[in-house]
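Using the sequences and the accompanying hints, generate a full structural model.
Here's the letter readout for the chains.
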Amino acid sequence: MTPAVPLLELRAVTKRFGGLTAVKDVSMTVRSGEIVGLIGPNGAGKTTIFNVITGVHRLDAGEVRIEGKRVDGLARYLIARCGVRRTYQIVRPFADMSVLENVMVGALFGRAEGQEQAEQQARDVAAFMGLSGREDEPASTLNLSEKKRLEIARALAADPKLLLLDEALSGLTPREIDAASELIGRIRTELGKTIIIVEHVMRAIMAISDRIVVLHHGEGIADGTPQEVRRDRRVIEAYLGESA
Amino acid sequence: MRSVAHSLLLWRRPTPLLTLAVCSILALIPLSRNAEWITFCITMMNLIVLTYSLNMVVGLTGYLSFGHVVFWGLGAYTAGALVMATGGPIGYNPYWIVPLGGVVSLVFAAAVGYPTMRLRGAYFAIATVSINVAVQTLFFNLERLGGAEGLPLNRALLRLTDRVTPAYYVLLALLFLAFWTHYGILKGKAGYGLRAILNDEDVAETMGVNATGYKVAIFAAAAFFAGVAGAAWGIFQNFVDPDNFRLGISVDLFVIMMLGGVGTALGPLVGGVIYYVIRDLLILRFPYLHLVIFGVVIVIIVLASPGGLIGTLRKRHRQLRAVLE
Amino acid sequence: MDLLLAQAIANGLLIGAIYGLAALGLTLVWGIMDVVNLAHGEFVLFGAYLTFVLFSQRGSLGGLNPLLSLLVVVPAGLLFGAFLYRALLRRVVGQPALTTLLLTFGLSILFNNVLLNWFGPDVRIVRWAQSSLVIGGVALPWTRLIAFALVIVVALCLFVFLQRSYAGKAIRAVMQDAEAAAALGIDTQRVLTTAFAVGTMLAMVAGVLVSVALSFSPANGVQFSVTSFVICVVGGLGRPLGAMMGGIIVGLVESFTGVFITQAYTPAMVSLLLIGFLLVRPVGLFGMAER
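Protein chains in written order, with the working numbering: chain A, 1 to 244; chain B, 1 to 325; chain C, 1 to 291.
Please keep in mind that the hints were generated in silico from the structure rather than gathered at the bench. It cannot be assumed that every hint is accurate.
Computed from the model, here is a short list of chain B residues facing chain A with C-beta under 7 Å [claimed, not checked]:
#1 TYR192
#2 ASP200
#3 VAL203
#4 GLY208
#5 ASN210
Using 25 Å as the maximum straight-line C-alpha spacing, the simulated DSS-like pairs for lysine-lysine come out as follows [what the hints assert, rightly or not]:
#6 A:LYS69 - A:LYS161
#7 A:LYS69 - A:LYS24
#8 B:LYS187 - B:LYS315
#9 A:LYS147 - A:LYS161
#10 A:LYS161 - B:LYS189
#11 B:LYS189 - A:LYS147
Using C-beta positions, here's what the derived DEER-type ranges look like [stated by the list, open to error]:
#12 C:LEU88 - A:ALA12: 54 to 62 Å
#13 A:THR225 - B:ARG321: 49 to 57 Å
#14 A:ASN143 - B:GLY188: 25 to 33 Å
#15 C:GLN130 - B:GLY213: 54 to 62 Å
#16 A:GLY19 - C:VAL160: 30 to 38 Å
#17 C:THR262 - B:TYR169: 57 to 65 Å
#18 B:TYR169 - A:LEU191: 49 to 57 Å
#19 C:PHE83 - A:ASN143: 42 to 50 Å
#20 B:LYS315 - A:PHE17: 41 to 49 Å
#21 B:LYS315 - A:LEU191: 35 to 43 Å
#22 B:GLU201 - C:ILE261: 38 to 46 Å
#23 B:GLU201 - A:GLY33: 30 to 38 Å
#24 C:ILE261 - B:THR165: 38 to 46 Å
#25 C:GLU179 - B:GLN319: 42 to 50 Å
Even for Gly, the Cβ is constructed at its ideal location relative to N, Cα and C.
Right under this line is the structure:
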């Protein structure tokens with residue numbers, strides 16, 4: 001049963017950087033258990049939205065609410081403790097720590113209780129993400145696909161309610177993309193997570209998402225099912241008008 | 001509850017046992033009644049405790065606390081001020097005074113740490129030097145607490161025997177406590193959080209780690225140890241003066257810390273013993289040359305073996321890793 | 001104007017100029033390679049002691065103008081700086097701050113104690129031009145006036161060097177964007193060597209002026225380092241004009257504290273100045289926001 005209060009709600013969010021308005025009056029809602037895709041041409045403001053949700057940027061206008069509670073303006077670590085975790089476009093593993101230690105950080109500062117539970121959680125998540133064989137390797141020695149999985153594992157280990165994936169598929173081979181897409185689907189079905197995914201790989205994001213939100217020049221221009229969005233005139237113009 | 005049990009489990013590891021062994025030996029020294037040995041050990045333990053204090057900040061948070069000696073001095077002057085206060089049991093019982101020295105330093109560190117730890121690298125380092133110098137200047141001009149001449153504590157009841165034994169055992173207890181705290185942090189949740197902060201503070205924050213909170217807490221805890229040591233030292237010497245804020249002491253601490261290995265749990269202990277023994281040998285023959293040598297040592301360590309003694313041993317001999325942490 | 005105030009201003013300006021010159025070297029090096037040279041104060045001392053050795057000892061060239069030592073100090077500074085860079089600093093440029101700070105920290109201890117060992121802890125001064133020019137009741141020591149003039153000359157030379165010469169322009173280019181400069185064919189290593197050599201030389205020249213206009217001893221090493229650092233923060237990294245302005249400001253702060261409060265509180269006031277800037281405007285007066 002989905003609760004009445006949406007898991008995440010953005011209301012009229014605006015963020016400016018000096019003279020540039022990166023995000024303008026954007027509103028969106030994400031319900032528990034959904035996979036929402038966030039797309040748009042480069043510079044549309046997608047990563048800014050993620051940064052706004054996680055508290056990296058302060059809003060110039062609007063609100064961000066998690067389960068009805070207002071979180072904009074809170075310190076980053078407090079927002080994280082409301083159950084939000086993210087991955088980064090350019091992977092940022094803790095280079096001096098091993099794979100397991102990376103995931104342990106996620107587990108310890110998530111919902112695990114005590115160090116033994118955290119370690120068990122970390123191992124389980126590492127296994128789920130297919131990293132079991134590499135647990136003691138320094139994170140810096142992993143290849144890109146493994147590092148991307150580590151990013152996700154680290155976020156998952158905290159047992160978050162909401163997972164933000166920022167271009168988790170970029171730089172992967174087609175086969176890796178398919179495997180990753182399947183994994184993301186399982187994160188929702190088996191682990192019950194709500195996911196917002198920013199992506200440029202169209203076929204993948206259209207396939208996984210329940211709903212798609214389209215941004216262009218910082219404004220929301222469409223919000224609907226993949227089929228609806230694919231046929232939306234404004235979306236087509238936004239992409240073709242840019243001559244890809 | 002669970003973390004206490006976890007703590008006790010740590011006992012079974014080689015590193016704490018090693019430290020316990022060393023501390024047990026040190027505990028027996030006063031029984032020998034050999035004044036030379038006792039003084040030697042007190043001075044050495046003081047340096048080691050201070051190095052643990054510095055090591056906590058530099059090793060665990062990566063911040064260079066160049067002016068760290070200010071916490072030691074504050075502890076010393078707290079002892080001085082309390083002894084000087086007329087009347088009351090506190091002035092007569094060193095065991096009361098000593099923790100208060102730690103508290104004063106802790107509070108000061110928390111107050112100062114919160115704004116300054118927003119600064120990176122060199123800025124923080126020089127800011128701590130500035131603070132140290134400023135505090136020293138303050139006490140230099142504070143006639144009520146002795147001014148430039150210093151403050152003799154000189155209470156009738158604090159005879160030599162009343163001073164030496166408490167100071168010795170306070171410092172010994174501090175040494176073990178400091179080691180234990182550092183070790184516990186390394187192994188526990190805080191250790192993961194701190195390493196995450198060192199690797200990438202922004203990412204750590206978005207993972208729920210309260211970076212500022214951790215950094216300031218470590219800074220304050222480290223200051224506590226330095227403060228208690230300072231108070232103990234003040235009582236031992238029966239005298240405090242602005243020289244307790246001398247920047248040169250920080251130099252010694254950095255040498256010891258780097259020699260032993262920054263961030264390691266055994267580093268300050270091992271580095272402290274080696275340093276103090278060597279210094280005692282050198283200082284007799286070359287009053288200023290020993291510092292030249294230590295300057296060279298620092299340069300060499302930075303360029304050649306940044307891990308210090310413990311770090312290099314751990315790298316070269318994997319089997320020793322469990323023993324030397 | 002109140003005579004005391006006028007004297008305080010005069011003192012501050014004259015001494016501040018020398019501080020500014022010392023800081024010029026530091027801000028150049030810091031701005032271009034992001035290395036804070038904690039041994040900077042010792043470089044100043046080197047210049048001072050070199051002058052002392054040449055002109056102050058019995059049997060040396062005493063009697064001649066000590067500023068002639070610049071003929072020795074300038075090339076010595078350039079060579080020493082170049083050598084230090086190539087031998088040691090080159091290896092740590094680009095590494096985390098902890099490493100570079102500890103390295104220069106070690107050098108600072110090494111150099112300071114070499115000086116201490118050689119010359120002892122006594123405070124020295126190079127005796128020369130003992131009289132003062134008195135204008136309207138304000139005493140302006142000749143040594144400091146000439147030092148002031150020299151600072152202006154050196155600062156102008158530096159300006160011309162940075163604006164007109166190839167090496168100077170290359171330095172400014174690398175300071176702004178090292179990668180782009182390299183892509184344009186500029187030999188970054190040579191530029192960094194030059195920058196460090198120039199920085200060292202400037203510090204040592206300031207030392208020459210210190211030797212005649214102020215007094216010095218090895219204990220001043222840390223003090224010069226910290227003062228130069230504060231000036232760099234106040235003026236902005238890599239900003240020569242900022243360093244000069246910062247120098248004047250610090251000079252005035254010290255002078256006013258000395259005259260209107262007590263000399264003993266000077267370090268505390270400079271500390272307050274530093275903390276103030278760090279909290280309110282960390283990039284300094286002329287600095288730009290983070291790269």
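Results of checking the hints against the structure:
1. Hint status for TYR192 of chain B: holds, given a least beta-carbon distance of 5 Å to chain A, under 7 Å.
2. The beta carbon of ASP200 of chain B comes within 6 Å of a beta carbon in chain A, closer than 7 Å, and the hint placing it at the interface holds.
3. Satisfaction of the interface hint for VAL203 of chain B is found here, the shortest Cβ-Cβ separation to chain A being roughly 5 Å, below the 7 Å cut-off.
4. Because the beta carbon of GLY208 of chain B sits about 4 Å from the nearest beta carbon in chain A, less than 7 Å, this interface hint is met.
5. Annotation: interface hint on ASN210 of chain B holds; nearest CB of chain A at approximately 5 Å, less than 7 Å.
6. For a cut-off of 25 Å, the pair hint linking LYS69 of chain A to LYS161 of chain A stands: about 14 Å separates their Cα positions.
7. For the given pair, LYS69 of chain A sits about 22 Å from LYS24 of chain A by alpha-carbon distance, which is consistent with the 25 Å threshold.
8. Between LYS187 of chain B and LYS315 of chain B the CA atoms are separated by roughly 19 Å; this keeps the pair inside 25 Å, and the hint holds.
9. Distance check on the hinted pair: LYS147 of chain A and LYS161 of chain A sit about 22 Å apart at the alpha-carbon level, within 25 Å; holds.
10. At most 25 Å may separate the alpha-carbon atoms for a hinted pair to count; LYS161 of chain A and LYS189 of chain B meet this at roughly 22 Å.
11. Under the criterion of a C-alpha separation no larger than 25 Å, the hint pairing LYS189 of chain B with LYS147 of chain A is consistent with the structure, at around 23 Å.
12. Roughly 57 Å separates the CB atoms of LEU88 of chain C and ALA12 of chain A, a value that falls within the hinted 54 to 62 Å.
13. The hinted window of 49 to 57 Å between THR225 of chain A and ARG321 of chain B holds, with their beta carbons roughly 55 Å apart.
14. A hinted range of 25 to 33 Å for the beta carbons of ASN143 of chain A and GLY188 of chain B is consistent with their spacing of about 32 Å.
15. Judged by the Cβ atoms, the range 54 to 62 Å given for GLN130 of chain C and GLY213 of chain B holds: they are separated by roughly 59 Å.
16. Range check, GLY19 of chain A to VAL160 of chain C: Cβ separation about 37 Å, and the 30 to 38 Å hint holds.
17. About 42 Å separates the C-beta atoms of THR262 of chain C and TYR169 of chain B, a value inconsistent with the hinted range of 57 to 65 Å.
18. TYR169 of chain B and LEU191 of chain A have their C-beta atoms about 54 Å apart, which keeps the hinted 49 to 57 Å range intact.
19. Range check, PHE83 of chain C to ASN143 of chain A: about 43 Å between beta-carbon atoms, so the 42 to 50 Å window is met.
20. With their beta carbons about 45 Å apart, LYS315 of chain B and PHE17 of chain A fall inside the hinted range of 41 to 49 Å.
21. Our hint of 35 to 43 Å for LYS315 of chain B and LEU191 of chain A holds, since their Cβ atoms are close to 39 Å apart.
22. Distance hint for GLU201 of chain B and ILE261 of chain C: a CB-CB separation of about 40 Å, consistent with the stated range 38 to 46 Å.
23. Checked against the given bound of 30 to 38 Å, the beta carbons of GLU201 of chain B and GLY33 of chain A, roughly 33 Å apart, stay inside it.
24. In this structure the supplied range 38 to 46 Å holds for ILE261 of chain C paired with THR165 of chain B, their Cβ-Cβ distance being about 44 Å.
25. Checked against the hint of 42 to 50 Å, the C-beta distance between GLU179 of chain C and GLN319 of chain B comes to roughly 44 Å, which is consistent with it.
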